[in-house]
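A.B. asks: Below, each chain spelled out in residue letters.
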Amino acid sequence: MNHIKGYIGIDIGSISTKGVIMDEENHMIASEYIWTEGDPIKATKNIIETFKKTLEEKEIKVDIYGIGTTGSARNLIGTILNANVIKNEITAHAIGTLNTFPDARTILEIGGQDSKLIIIRNGIVVDYAMNTLCSAGTGSFLSSQAKRLGVTIEEIGDIALTSRNPSKIAARCTVFAESDLVHKAQIGHSKEDLIAGICNSVVKNYLNNLAKGKVLEDKIVFQGGVSKNKGVVKAFEDILNKKVHVDKNSHLMGAIGIAIISKNVNKNGNKLEFDFNLQNVEFKTIGTECNGCSNTCEIVKVYKDNELIEKMGGRCEKGNQISNIV
Amino acid sequence: MKIGIPKAMITYEYPVLYHKFFELLGVQVVYSDETNSNILNDGIIYSIDETCLANKIYMGHVANLVKRSDKENIDYIFIPRVAFFDKKETVCVKFYALYDICKNIFDAHFITVNIDYSCHETEFKAFVNLGIKLGFSFSKTILAYKKAKKLQQEYDKANYEKQIKALSNKNILLVAHPYIEHDQYMGYPVVKFLKDNQFNVIYSDINNGMQTNNESYKELSKYLYWKYNKNLLNGIIEYSEKVDGIIFISTFPCGPDAMVNDLVIRKVKDKPILNLVVDEQDGSAGLYTRLESFIDILEQNKEEMGERI
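Note that the protein sequences, when read in sequence, are chains A and B.
Here the first sequence stands for residues 580 to 905, numbered as in our numbering.
Here the second sequence stands for residues 738 to 1046, numbered as in our numbering.
It cannot be assumed that every hint is accurate.
Dumping the calculated DSSO-like pairs for lysine-lysine here, alpha-carbon to alpha-carbon at most 27 Å [what the hints assert, rightly or not]:
#1 Lys798/A x Lys1039/B
#2 Lys1006/B x Lys793/A
#3 Lys1039/B x Lys846/A
#4 Lys1039/B x Lys1008/B
#5 Lys791/A x Lys959/B
#6 Lys798/A x Lys1006/B
#7 Lys846/A x Lys907/B
#8 Lys798/A x Lys1008/B
#9 Lys640/A x Lys846/A
#10 Lys807/A x Lys621/A
Derived from the structure by calculation, the hints contain no laboratory data.
Since the model is a prediction, treat every value here as computed from it, not as a measurement.
Chain A extracted, bound-state conformation:
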């Protein structure tokens, strides 16, 4: 059995956690997509465990030369995995997408709790937008409305495609959209029209929020968890009147990107210490308040088998000086 060089990328989002192992030629060796369920550490452990099994099944021996983390829990998981690169999800998504679509110029990304629009020209990011405080027009809106209509989130796409006349549903705010939806349901709109209406409303909300004044040029790539929903893809194509490309790995792009970045960062080509047997290691986080000044920052202390490995969250250096006792 040959040993090959592998690069781990983990994208820990608010709703789902994505992980991949890439080889030196940027091909995927293993991948996993699971729900975060509010416990990023457990999700990461499960992903690493799956990797171990997949590699054993495929009988591949991998030496790890890069570990990258991205997504909203990137700092915590980066510490735990001793990552060599921790980067924001915008850069990671752009790099991941350019690996599959080198000529992409617009990336639409809708995740569980946030959405992004990334504009690329000549292979570099030139502009981006993220949704602000509100989570209207994201995956969590879709799943809550699906529940209201008594369908599962996986069914939404296929049902939406059967609609001939999508209901018009307010696109500005989730709360208004919801009352609109109830109203339309009560006056007799069919379920497929309502579901197609929700998909349209997600897209309109996204475009109103993020695409203000921005030119969406071909090639347009759509990714993130919501890109798996055919109804939303169709709504994008109808409203933009352009072809929208969705890769089969569209939900993994952030993880792929950060794995590639971890390869690029490791210029010396040193092998990293990494043990796939993470399941037996106990990680614990304890939140405390720093009393160094009246800001009372919340400090999170991370313990690996009861040994302190990192303190995070302070506004200044004082947070690092608070006691190390568990």
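With the hints as your guide, set chain B onto chain A.
C.D. replies: Same frame as chain A, but now just chain B:
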């Protein structure tokens, strides 16, 4: 005699004038503490919820001084009332109201300077009235005002020269009111992040228009009448060629900034722009994600330029 000055909002526009005016009259000056979570919490309690974050923080600073005034024998808390300037320039209405609001909310002694050129209340007249009210002679007050005014101008000039000298090959222009940029809570995390990433921060409010009656802002907007926003636009015109990117910071929900920043972002085309809106939500993850990706864009642009050369 001892006077307390809230270290927020308008105080940052005239950091020397107020301080020196009192000092030259022999009055001791104390400032409120740097913005911290107690000040912010007090500010939220003493404000209506629709007002902007900067205004809430100001109320917190006043509360801080009120709490300290017995122990430290603070005689008056100084809150300027600023409305209209020369040439029909005005400021946000929040500045008009600060003095009267505080006087109605807090049980403390307040004094003010009432600057409103539309009612012939000039800055000179306002300071003379202030001095006389505090019991100083007419001539002594005039001297103190003139000297303090001059010191403020010298301070601005020195600041400007320092900033020009510091221009390096990695500059970011920060477009925000000084009370946001220099505030520990609002602007400091951004400034610190940029400096930690080896970027030189250029402040838009410190520009050559402060001395002369520069009107270069008219390139961006002819009919602007907010004094402090005009100054920020002068800075954009002066520096935008020299920087790699521009970051706007405004507080939620600032009226003038919401209009002016949006207008400028549409007109400045050739620079990467990041528009940050800060509010009292404590989560900083979104802020750092935005800043980090913005810096990635700037770094990539730089690399690209290097490769082309």
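A.B. asks: Which numbered conditions among the earlier hints are violated in the structure presented, ordered from lowest to highest?
C.D. replies: Structure breaks no hint.
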